[in-house]
Amino acid sequence: MYPKEMQKSIKKVEATREERLKKLPERMNEKERDEVLKKWHPDYKPEAKRKIKIGASKGSIVPHEVADLIEAYPLFEPDEIDLSQIDYDTDILIIGGGGAGTTAALFAYYSGIKPEDILIATKLRHGDANTMMAQGGIQAADKENDSPVIHYLDVIGGGHYANKPELVAQLVMNAPEIIKWHEELGVMYDKKEDGEMITIHGGGTSRKRMHSAKDYTGMEIMRVIRDEARNVGIKVLEFSPAIELIKDDEDKVAGAVLYNLETEQYYVVRAKTTILATGGFGRLHIQGFPTTNHYGATFDGAVIAYRAGAKLRDMDSVQYHPTGVAYPEQIVGLLVTEKVRGLGGQPVNADGEQFVHPLEPRDVEAASFIRECYGRNKGVVTPTGMRGVWLDSPLIEMIHGEGTIEKRLGAMFRMFKRFDIDMRYEPILVFPTLHYQNGGVEINENAQVLSKNGVIKGLFAAGEVEGGVHGKNRLMGNSLLDTQVFGKIAGINAGKYAKKAKKSKKLNLKHVESYINELEKAKIKEERKAPLLLPDYREKNVLSRAIDIL
Amino acid sequence: MARKDKKEEKLKMKMVRIYIMGKEYKVPEGLTIMKAMEYAGYRYIRGAGCRAGFCGACATVYRKEGEYKLNADLACQTTVEDGMYLVQLPFTPANKATYDVNKIKADDKTLVNFYPEIARCVSCNTCTKACPQELEVMDYIQSALRGDMKKTAELSFDCIQCGLCAMRCPAEIAHYHVAQLARRLYGKYLMPKAEHLEKRVNEIKRKRFDEEIGKMMKRNIEELRKMYNARDIEPEEEEEPKREGD
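Which chain is which? The protein sequence lines are A and B, in order.
Last residue of the first sequence? That's 550 in the numbering used here, and every number before it is there in order.
Last residue of the second sequence? That's 796 in the numbering used here, and every number before it is there in order.
Do not take every clue at face value.
[Unchecked claim] Reference listing, derived: stretches of chain A covered by chain B, where coverage requires no fewer than 3 residues with Cβ under 8 angstroms from a Cβ of chain B: (1) 41-51; (2) 156-162; (3) 177-183; (4) 452-461.
[Said to hold, decoys possible] Quick look at which bits of chain B chain A covers, simulated, 3 or more residues with Cβ under 8 angstroms: (5) 670-681; (6) 732-738.
[To be verified] Straight-line alpha carbon distances no greater than 16 angstroms define the calculated EDC-like cross-link-like pairs of lysine to aspartate or glutamate that follow: (7) A/Lys407 x B/Glu786; (8) B/Lys743 x A/Glu30; (9) B/Lys646 x A/Glu35; (10) A/Lys506 x A/Glu196; (11) A/Lys521 x A/Glu71; (12) B/Lys776 x A/Asp251; (13) B/Lys653 x A/Asp420; (14) A/Lys180 x B/Glu786; (15) A/Lys23 x B/Glu786; (16) A/Lys191 x B/Glu704; (17) B/Lys743 x A/Glu539; (18) A/Lys180 x B/Glu753; (19) A/Lys192 x B/Glu753; (20) B/Lys755 x A/Glu539; (21) A/Lys191 x B/Glu753; (22) B/Lys743 x A/Asp190; (23) A/Lys510 x A/Glu166; (24) A/Lys505 x A/Glu47; (25) A/Lys407 x B/Glu704; (26) B/Lys757 x A/Asp420; (27) B/Lys743 x A/Glu228; (28) A/Lys31 x B/Glu772; (29) B/Lys749 x A/Asp194; (30) A/Lys180 x B/Glu772; (31) A/Lys417 x B/Glu684; (32) B/Lys768 x A/Glu166; (33) A/Lys191 x B/Glu745; (34) A/Lys407 x B/Asp708; (35) B/Lys700 x A/Asp190; (36) B/Lys749 x A/Glu71; (37) A/Lys192 x B/Glu745; (38) B/Lys655 x A/Glu184; (39) B/Lys700 x A/Glu193; (40) A/Lys4 x A/Glu539.
Calculated directly from the structure, the hints in this document are not laboratory data.
All of these numbers come straight from a predicted model, not from anything done at the bench.
Note that CB positions come from ideal geometry on N, CA and C, so glycine has one too.
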């Protein structure tokens, strides 16, 4: 139920609905896009970022919240850890149990590694990841009027031409095969009666290539691949995040130190090869934004990889999803899938006017929403002072027929209904929310992690933790795809690598010691520690009286 | 953020009493159970996941003062109420059958063979009442028993596998595992295959796009920008499929 003030604005939205159904605003040209981005997108605020002082990407500009974790001390002193006692000895260690990690495990298995020689270590439960929450869909150029080449152009243009071409090529060329793999595993994609995939547009796509499983696409994929990993017998260690990588005498990555969140003990894992699949950084709340992300999205993997010499790239750009919930308060910041716009929902201001094409690339769309609320003062103000614009969802049923919202946007319908808002008849209020880490640890086309001096031996990365695939802006439906494609590539290549590699004889944490030296040399005070592992949302008055005695 | 402080001030005006595992805390009205527990001073390790109703990590049962009814819901999607006694159930012990999906059949006996306990269903509907997604859980167990894969898959599709159904079931069924198997069998064997997908995968295998992609990878930004800005965009409405190369 909307409060009275907001209902007045809804009347205006209703009054223009019929008219708006007939015509969409023009898409912006390049100049208009640049203008709105420069003036209104949060990425273009120089005061929100700074140069990194140390490490392989010293001098790169990143958000303060990221720099704070890069310029932070390890959670333990390297000499506190006894590396001579190995708790888990494995061929492949996969850090992260989301979409990328699980797919990597399966493809390592398909490539001949025994399930008992693969270990997934994950911070929360297996499957607790942003993958699970991805609603809208997954892109793949598998229709007659489409091709991987067209997909390539959409990706690289959407990414402002900053993407690594060889990574984009992998993404688009592997996409159809990934969907096929899913089909064979039994993922229930939305299909027509003859088996044709139902595909729609996403922001920035030039062909309708968004495949979905209602608005639970990520959940459906994650459930199925997790089920498969369980059938196959992949070992999973839950509530055990990696807090540091381990190297050997030849400077290869040789495993990780894990931390059991519940018993507070550490485990030493020796691995012939390690895959980083730890996801992104939404829970850092860059610039104070709410986030759509999972509880565990705290940038841990990138932090420990950076200490091991990995380069970061494209970390200056952050993806704000245009449509985070702005009302009701209980669910502020949660994702309203882009599919709502893909199916015909239009952004509309407080006066019921259109102000932007619904499917501009995400950064442009988000910047336009911010401009509407703060530049033109045409946003809707909620009782808690939050501003937002309407997303006119009732249009969806006018276009596609009654029942469409429940059928194709069941998760969204359910979420709002819990708070007495019926999106079939009432518009929903949205505002940009922190959604995705565009950049990350740099990889090559084999998913190997790169340092300043080339490949870091024994280390692969896949999914949101890596950077270069999406340039400065990821398109909808390419993140699920990224987890699957690069998870597959990492799994296959790690499998090949592990077959040839020998077990490391002597393990060390010298890279951590040198990193501490660098921190000290740069005169960075020991007030911050990383990785963060979990955000802390306890109330200030509790924290101010908390003492650590047990 | 000034806005946040103001918001908190406003929320602090009205407090409600909740009992976390029996212990009383006063929290602002309007918070979700999850945020209320954090407000009270809990920092989650278990019991929090996506925080958006998709992962099932925050299954919670509660009873309100003076009421007989035991409710089940998600902590991240439920607003606290005065006099709520609650406990989280962050884990459900339930055995999952293991199988090779390529070797089993989608026939009417498969589900009951892997999960014979579904035959113990007494149709009490407690599972349905416990489901935070408001799914027709008992109905899909009944369809599973009849071997109706399609119905089981469709009715269970929105399942977030929180385990509350299994915790409440007097017949000790692990509903969500049954449903997972049904959906995979339905998706794999009973839904029609996408022919265009198969075709495209074969084209890629035959390297149909390799040369063109190779060219794209070599293009400079100016060339790409020109191409990008000149893209033809598939119209929203359905139309005849275009010819290749469009």
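Structure versus earlier hints - violations, ascending order
Of the numbered hints given earlier, those the structure breaks are 1, 4, 5, 7, 8, 9, 10, 12, 13, 14, 17, 19, 20, 21, 23, 24, 26, 27, 30, 36 and 40, listed in rising order.
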